[in-house]
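Listed below are the residues making up each chain.
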Amino acid sequence: MSDHVLKEEPLQFGEGGRLFGILTLPNTAPGQGPELPVFVFLTAGFLHRVGPLRLHVRLARELAEMGFSSLRVDLAGTGDTPPRPASMSYQQSVVADFKGIVDVLDSRLGRPSFVLAGLCSGADNAIMLAMREPRVVGMVLLDSICFPDPGFRAREIFQKCSNPARYLSWLKHRFEALSGAPVAERIDPEGWRHWRELPTLEELRAAFNSIRSRGGRVLSVFTGQTLQYYNRTGQLGQVLNVDGYREFCAERFWPEVEHTYSLEVHRRRLVAEIKTWAGGFIRT
Amino acid sequence: MTTAELLAQLQQLGVELRVEGEGLRFRAPAGALTETLRAELARCKGEILEALRDRTSVKRPGYEAFFFGPDDQKIFAQYHAPVRGGGRTLVVICPPLFSDFMRTHLALRDLAMALAERGLHVLRFDYRGTGDSSGGLEQATVANWLEDIAFAVREGRERSGSADVRLLGIRASALLACRSMGASSEVGRLILWDPVPDGVDYLQEMRRVQGGLLEQHLHLTRAERREAAREYAGYRLSEPLQEGIRSLDANLYSSIPMSKLHVLSTSSAVKFPVRGVSQDMERCDCNWETDSEDRMVLPRLVSERLITCLTMS
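Those protein sequence lines, which keep their order, are chains W and E.
In terms of the numbering used here, the first sequence is numbered consecutively and its last residue is 284.
In terms of the numbering used here, the second sequence is numbered consecutively and its last residue is 1313.
Please keep in mind that the hints were generated in silico from the structure rather than gathered at the bench.
Predicted, not measured: the structure shown is a model, and the values here were computed from it.
Each residue gets a CB set at the ideal place from its N, CA and C atoms; glycine is no exception.
Do not rely on the hints blindly, as some may be mistaken.
[As the list claims (entries may be wrong)] Ranges of calculated distance between the beta carbons of each label pair, as one might list FRET restraints:
hint	chain 1	residue 1	chain 2	residue 2	range
1	W	Glu247	E	Arg1226	16 to 26 Å
2	W	Glu197	E	Arg1300	20 to 30 Å
3	W	Glu197	E	Met1001	13 to 23 Å
[Unchecked claim] Residues of chain E clear of chain W, computed beta-carbon distances all greater than 10 Å:
hint	residue
4	Leu1033
5	Ala1039
6	Glu1050
7	Tyr1063
8	Ala1065
9	Val1083
10	Gly1131
11	Glu1147
12	Ala1183
13	Arg1189
14	Arg1208
15	His1219
16	Ala1250
17	Ser1259
18	Trp1288
[What the hints assert, rightly or not] Computed list of chain W residues with no C-beta within reach of chain E, every gap over 12 Å:
hint	residue
19	His48
20	Phe147
21	Phe158
22	Pro199
23	Thr233
24	Val242
25	Glu247
In isolation and in its complexed conformation, chain E is listed as follows (with noise of 0.2 Å):
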């Protein structure tokens, strides 16, 4: 029997344990705890331990989920706070887009966690149309997401007190975050994780992606197939988001003075357009160019690459 089973079948018999100092207690119903049981709880009791003090540590997420922004177009955001206080850099990870998005969601989080543990503020946040923000893709906009940094930036910086603003963009957020940050003195660093190349190489790329979910799927009308073929990784984009994504060039990336850029690339098949840049290479297959949203990028090797370029004073 495992330890997960004793605990269950001690709980179905209503025997209550509980930890007091090093040792363990319990109070059971009379008879329900048999010979058996007895020195089932004398052989895991190590364990037992262990995990009672877990259950009684439950670990509270130290963040702050909220919506901001427009009134009629919230933008959902969480704040982390530093751990143990204090702290005067302030960290806005904007997120990718897509089904990058929905892969790299618990690698970013497990980040923002890393960064408040070592006493950096962080703010992430969903750009309108995606995520738990308000509207759908059919509404956003290029403009509207460079709107939705410079409100996160705005938003970090009147939680957390903090001047010292970084930001981190990945894959196409690169080229947002370069936008956003060419329009704004607030913004003291950039650091970018796998940046596209441009805009039109990464609606290309969707539509590569596009391409192989076509050929899965035989049985479409042509109706249908011709709906389909419009989509980008299976995502709907409206006219002027597609335009607004192609006019975001490799331009943007020398647009920001070198001193404050630094990128972070996973596979040297993709160059950064800008040379003279200060690059980390933490080779990882992330493989983004793919369909599959449950296949969830956990690099931690670039986690850690993040952090030390995030906290780096």
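Pulled out of the complex, with its shape left as it was, chain W reads as follows (with noise of 0.2 Å):
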């Protein structure tokens, strides 16, 4: 595909053609644009490349325009890429899979640096790529995982009992419960911690030390889908503990937003924070 300001392509590359993304490259003759980062958005959960509510689709052509170029990927098992043997692990199955995204971009972008960005297990993933693969410069870590820092405990119980969310669902569900009503389903607020694999608080520092001394650079953004572990802004820099945090890592919250940033509003605010602290890959 190509318009005024990029071209897209898809691409089935890795072992046997197995693995299938789309590559958006901005239109501009190669030479003629500075040195930048690719941005990898790596699937969450079973959504397929094109992200939830056509985030990544909307994210690689805005990037574009700004001169980035991206590949939006099925891993194994999600959208159009077959999953692995039963026999590798999922972990195995991921570094597989980045291995191939690797050399497709080397041959058709020759060795660039990469930006991997992730929600939700898709940033479990990029922390757990950033550590091992020495050209990943950056990471967008959208409800990534983090870790309880000494006061988590006490925000916890002041928010929970100044919300009036939770007051508005408990009266809904006695209201439901005494009408007969059918009860709407409870989801477990736990669920999630079954299905990823959740880096260790050791392996994230690892990844956001190996980013800090290649010069790199990481944004995070939490959303009201954290509230479980992470319920501050700076929360993550103070559990991390890693020098010179500030200078390269952007942290957000945003409380109000829902995690698949189900509102155009507030699909809007992060792609416009997501371009912002791209920009900082042009300036430097």
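Each chain sits in its own coordinate frame; assemble them with the hints.
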């Protein structure tokens, strides 16, 4: 595909062409634009490469207008990439997929550096891959894991007691129970822990240290989904305790936002935040 | 130690494993294979052989991905050729819209592969302004989407050489497929999976989903709430697009000759508006009225019924 500012191309690559993704390129002749890292959008959960409410497509195209190339890719078992053999662990599968991603981007763009962007399990994978691949110079982590700091529990109790939504929800459920109306399905608030392979604090710290040692940068955004383990701006920096955190990391806390950015007003805010952050690669 | 852990450890130690006939061969740096590891290798030999055979027989997905259509508004598509060649029938899958599209992506990919396995040509595509196709919903119109179906049928016919064309329309795409088929003599059969009653009802359903979303978002400013109240299940639809969807009424279903139409429903709660049409019921909790795009719809029994309908001569 092509228009005034970008070109898009489907890629079947990796062993036997098993991996699938869409490469988005800015419409500048090679060598004309600045050498910028390539964004790799990693799939979240079972969603395919376009991302929740088409978030990855929009980001790929708006970043292309700024001069960034990107690949939105289906990791094994999602979208149009078949699963790996059951004998491979999930992490082995992601590492093998990423090797394919690096190889195809090398062949197309000549040894670029990378920014890994992912929501939820996509963020977990970005953290795991950043430790291993020395050319990862940036991470956009959306609802990644974090760990409680000393004041976490006290803030959690205060926030729960002062949250009107909690009382409204309780009243709604009481009303449903008393009126005999079908009770809405309760979602296990800890359910996500059963299927995500969460990085440990040491791994998280190692990934951030890797990025710092490469002169890279990290953007972390936490939404209301993460209140079980994150409830204050700056908490990630405090628990990581990485040298120079504020110089290379930006941390945002948007508790009023839903995990998949289901409202346009929130998607617009996220896209603007990521574009502003990405602009830092152009200036440096 | 599991087989996967053992394989990972051997890889770290630089031990290379390979299959030779029915046996397992290895090459290891001096001292890498301890007695314990050798014992583990012997214990897991069968599983390791199976794993290595799996790895060496990586399945290449049997499809070709490409963009086609107008120069400045490309449509993304995937063409699945019959696995064993030949094939006289082309199935064009008209995907559902919005969150239904996200939730059925895996099911439709698997369906396309299963049909190709059974000797059919299959073309999947994303409407303009959706999925990987160009543009955004702000530019999309129902007229574009009808044109996309016509483009997809033409593209599929050119690639497959097939004259026997069948359309599969899912949810709101059932209405689009009916209108498209009414204007075309190229399509011989139309299969509908959980067709929505009409465009107005579909938009109302999306508004109910949006109402649920707004209930969850208590901390919006007045301006944000006003803006969000105009969305449909999280998607912003332009006025022309809303108007176009509203214009898709239930009469479209009765415009198709009954002999060419077949409906597959997963719930008895929604009645198909035309009597006398050939129908199947395969109960499945698809729960279409949700804002959760990651709640995948993977109805194995529905897929089997669809395969039967689409392969029937």
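Could you let me know if the closest chain W CB is still more than 10 Å away from the CB of Ala1250/E?
Its Cβ never comes within 10 Å of chain W, the nearest being 28 Å, so this holds.
If I take the minimum Cβ distance from Ala1065/E to any residue of chain W, is it greater than 10 Å?
4 Å, violated
Would the non-interface assignment of Tyr1063/E survive a Cβ cutoff of 10 Å against chain W?
7 Å, violated
Mind verifying the non-interface call on Ala1039/E? Its CB should be farther than 10 Å from each CB in chain W.
Holds, since 20 Å exceeds 10 Å.
Take a quick look at Phe147/W and tell me if its Cβ sits farther than 12 Å from every Cβ on chain E, holds or violated.
Answer for Phe147/W: holds, closest chain E Cβ roughly 25 Å.
Starting from the range 16 to 26 Å, see whether the pair Glu247/W and Arg1226/E falls in it by beta-carbon distance.
For Arg1226/E against Glu247/W, whose Cβ atoms are near 40 Å apart, the range 16 to 26 Å is violated.
Least C-beta distance between Arg1208/E and chain W, which was stated to exceed 10 Å:
Nearest chain W Cβ is 13 Å from Arg1208/E, so the label holds.
Minimum C-beta separation from Leu1033/E to chain W exceeding 10 Å: can you confirm that?
20 Å, holds
In this structure, is the beta-carbon distance linking Glu197/W and Arg1300/E contained in 20 to 30 Å?
26 Å, holds
Interface-negative label, Ala1183/E against chain W, beta-carbon threshold 10 Å:
For Ala1183/E, whose nearest Cβ neighbour in chain W is about 26 Å away, the distance exceeds 10 Å, so it holds.
Please confirm whether Glu1147/E is truly not at the interface, meaning its C-beta sits more than 10 Å away from all C-beta atoms of chain W.
17 Å, holds
May I ask you to check that Gly1131/E keeps its beta-carbon over 10 Å from the closest beta-carbon of chain W?
For Gly1131/E, whose nearest Cβ neighbour in chain W is about 6 Å away, the distance does not exceed 10 Å, so it is violated.
Violated hints, in rising order: 1, 6, 7, 8, 10, 15 and 19; the structure is consistent with all others.
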